[in-house]
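Work the whole structure out from these sequences, hints included.
Each chain is listed here by its residues.
Number of protein chains: 2
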Amino acid sequence: MISKPYLLFLGEAKDELAIKTAAGIRFWRPEWCVGQIFFESAKAKLDLPEMSIKQAIENGCKTMVIGVVNAGGVMPESWINTILEAINSGLNIASGMHTRLSSIKEFKDAAEKNNVQLYDLRFNEQTFKTGSGIKRTGKRLLTVGTDCSVGKKYTALAIEKAMKDHGMKASFKATGQTGVLIAESGIAIDAIVSDFISGAVEWLSPDNADNHWDIIEGQGSLFHPSFAGVSLGLLHGSQPDKFIVCHEPTRTNMRGVENKLPDISEVISKTSELGKLTNPNIECVGIALNTSNMSNGSEDLKKEISDKYSIPCLDPLKDDLSGFINLIKK
Amino acid sequence: MISKPYLLFLGEAKDELAIKTAAGIRFWRPEWCVGQIFFESAKAKLDLPEMSIKQAIENGCKTMVIGVVNAGGVMPESWINTILEAINSGLNIASGMHTRLSSIKEFKDAAEKNNVQLYDLRFNEQTFKTGSGIKRTGKRLLTVGTDCSVGKKYTALAIEKAMKDHGMKASFKATGQTGVLIAESGIAIDAIVSDFISGAVEWLSPDNADNHWDIIEGQGSLFHPSFAGVSLGLLHGSQPDKFIVCHEPTRTNMRGVENKLPDISEVISKTSELGKLTNPNIECVGIALNTSNMSNGSEDLKKEISDKYSIPCLDPLKDDLSGFINLIKK
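First to last, the sequence lines map onto chains P and B. Quick note on my numbering: the first sequence kicks off at 1 and runs consecutively. Quick note on my numbering: the second sequence kicks off at 1 and runs consecutively.
It should be emphasised that the hints constitute simulated quantities derived from the structure, not laboratory data. Computed from a prediction, not measured in an experiment: that's the story for all the values here. Among the hints, a few may not be true.
Some chain P residues close to chain B (C-beta under 10 Å, calculated; not the full set) [said to hold, decoys possible]:
#	residue
1	V74
2	D190
3	A191
4	F196
5	G220
6	S226
7	G229
8	S231
9	E258
10	I268
11	K270
With a Cα cut of at most 30 Å, we get these calculated BS3-like pairs of lysine-lysine [what the hints assert, rightly or not]:
#	chain 1	residue 1	chain 2	residue 2
12	P	K276	B	K308
13	B	K14	P	K129
14	B	K62	B	K129
15	B	K43	P	K129
16	P	K113	P	K4
Here are a few chain P residues that face chain B, going by a calculated C-beta distance under 7 Å [claimed, not checked]:
#	residue
17	G133
18	S194
19	I197
20	P225
21	A228
22	L232
23	V257
24	N259
25	T278
In this text, a Cβ means the ideal position worked out from N, Cα and C, and glycines have one as well.
Structure (structure tokens):
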């Protein structure tokens, strides 16, 4: 467990998607967040007080969380001084980057000197087996996406909450650094050695009671040229009984690359087809529409999509999710 | 470059597939191999003189290569003493396991004391970007499989050789530990952090001349529940113009798991369908049949398969490969 509350570091965030780690913690764990810190060039911010490191400490802050991501997860030069100042001021640091905090000598030395912790959430000491493909007991739902960063984690967390509200047994299973920060457990699958992707998910979601649901956070997209391998290993290791397709209707290009977004129909058919390898009964039970960037028309669009696919289309952050739950229970 | 010649270590090899690293080096680089060493319980051996470590050194051996694999790539207790004896006798050690030789303190200390090298081929210090999906210049051929360990590497090496014999420009690109040992370059893709699978392959096979072919060694199978994620990331990063399906017709179950082998037709259609994401012109140009376990009927079977799919079906270790080359050239 990481000492709380947190100061969320946004660096020079290039857009809203870049601060999804900070925004996720802010949204799901508001009681853990004391403030935010960012550079002048930042293009995205949170609805939290802006604070210097000194002010954050005066407000009881214990840990600065790197709440901004960049493709590749490398530590930019421009962040070094701020992180070093935080360490030297006595804050712990938590990061989900591929670059380990402790691999940067200045951080390591300063952390030792100031007796603070460096949390590298993308890494864990657990060793995994290669996936077996053997069917496990208990039930599983996976959130998949038409792209990266479309709402797979929020959808999974919202479904976990809705299932519990309906008196069902459900556990959110985090597979990315933000999810791990929110749940304080889980595995950042994209940091696992690739031989063990599906094996790590088998470990993350082991045998369970017949009426228990693991709600597994999806990663990437089967249609994303950078990350489809991770998405497929995660699908095979999850062996989902049910899945929900997450979609952001204002997105035209896939995140960070030149490819167009796939149709929802393609995502449903490809996920079903490839998922059958480890669970022949895999079934799509809904479409989660992230309408946060839509100013109007979202109700019509949800109805249109729902009619087209004959399954509920809901915004997991705005709508009652009973429509999903009823199909999951079936 | 690793000092040669080699003593190939087979441990308690459980079957022929377990010694595929040793067999690959023996087959493609016979001039590098001085002998083999194995335990009494070994169920597979090579056609090489059996030697003790002492005898190998008397025969000029410089390096002992761990030529046997086990799922997960962990170092068994039972190997420790033999490897330690080799180090203490002055041999370098080369290994493609997930367990780093240098992570075992006894090995590290003994290597320092005896001034020998520990080569961990599954690791390299190269850092990668996430895949971009952007089309590169030059041509690429990928070998894919109905399963793991069906002949993807041998096929790629045989095609490289045949293309050169036909006066074409071709480079074998190794993606597994055995391939890296044979080519003395390349990347063990299954040891890459999963976020970078496709990016690493983009790095391995960069822009090249229009008439140059990279012949990329495939890994795993899109139908293998343990490794399909790796296979998909490799497919997307390779952006192959052409691919060849490798098949071992006597195999009934997929390696190490309970799943049945897919049909060749399924492998062709799924590879084409998923490969289109990064190369819309992807095309299957042949089927490589590994007939090494067939005592008879292989000619009939090749003809049957070739007729069924209207592309050449050849054993890359026995047949003239002009049939493949002609379709590659088209």
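For this session: Given the hint that B/K14 pairs with P/K129, test it: the Cα-Cα distance must not exceed 30 Å.
Result: Between B/K14 and P/K129 the Cα gap is close to 19 Å, so the pair holds against 30 Å.
For this session: Report holds or violated for the interface hint on P/T278, using the least CB-CB distance to chain B and a cut-off of 7 Å.
Result: Hint holds; P/T278 Cβ to chain B Cβ min 5 Å, cut 7 Å.
For this session: Please verify that hint: P/L232, Cβ, nearest Cβ of chain B, below 7 Å or not.
Result: holds, 5 Å
Exercise. Is the shortest C-beta separation between P/A228 and chain B less than 7 Å?
Worked result: Constraint on P/A228 satisfied, holds at 5 Å.
For this session: Could you check if P/S194 really has its C-beta closer than 7 Å to a C-beta on chain B?
Result: Because about 4 Å separates P/S194 from the closest Cβ in chain B, which is inside the 7 Å limit, the hint holds.
Exercise. Does B/K308 lie within 30 Å of P/K276 when you go C-alpha to C-alpha?
Worked result: This hinted pair holds, its Cα atoms lying about 26 Å apart.
Problem set entry | Status of the P/F196 interface restraint (C-beta, 10 Å, chain B) | holds, 8 Å
Exercise. Should the interface hint for P/E258 be scored as holding, given a Cβ-Cβ cut-off of 10 Å against chain B?
Worked result: holds, 7 Å
Exercise. Does the interface hint hold: is P/P225 within less than 7 Å of chain B, judged Cβ to Cβ?
Worked result: Since the shortest Cβ distance to chain B is 3 Å, the answer is holds.
Exercise. Taking only the CA atoms, is the gap from B/K62 to B/K129 under or equal to 30 Å?
Worked result: Violated: B/K62 and B/K129 sit about 36 Å apart, past 30 Å.
For this session: Would you check whether P/I268 satisfies its interface hint, that is, whether its CB is within less than 10 Å of any CB in chain B?
Result: Violated, because the Cβ-Cβ distance from P/I268 to chain B comes to roughly 15 Å (cut-off 10 Å).
Problem set entry | Residue hint P/S231, partner chain B, criterion CB-CB below 10 Å | P/S231 check passes; min Cβ-Cβ to chain B is 8 Å, inside 10 Å.
The structure is inconsistent with the numbered hints 10 and 14, although it conforms to all the rest.
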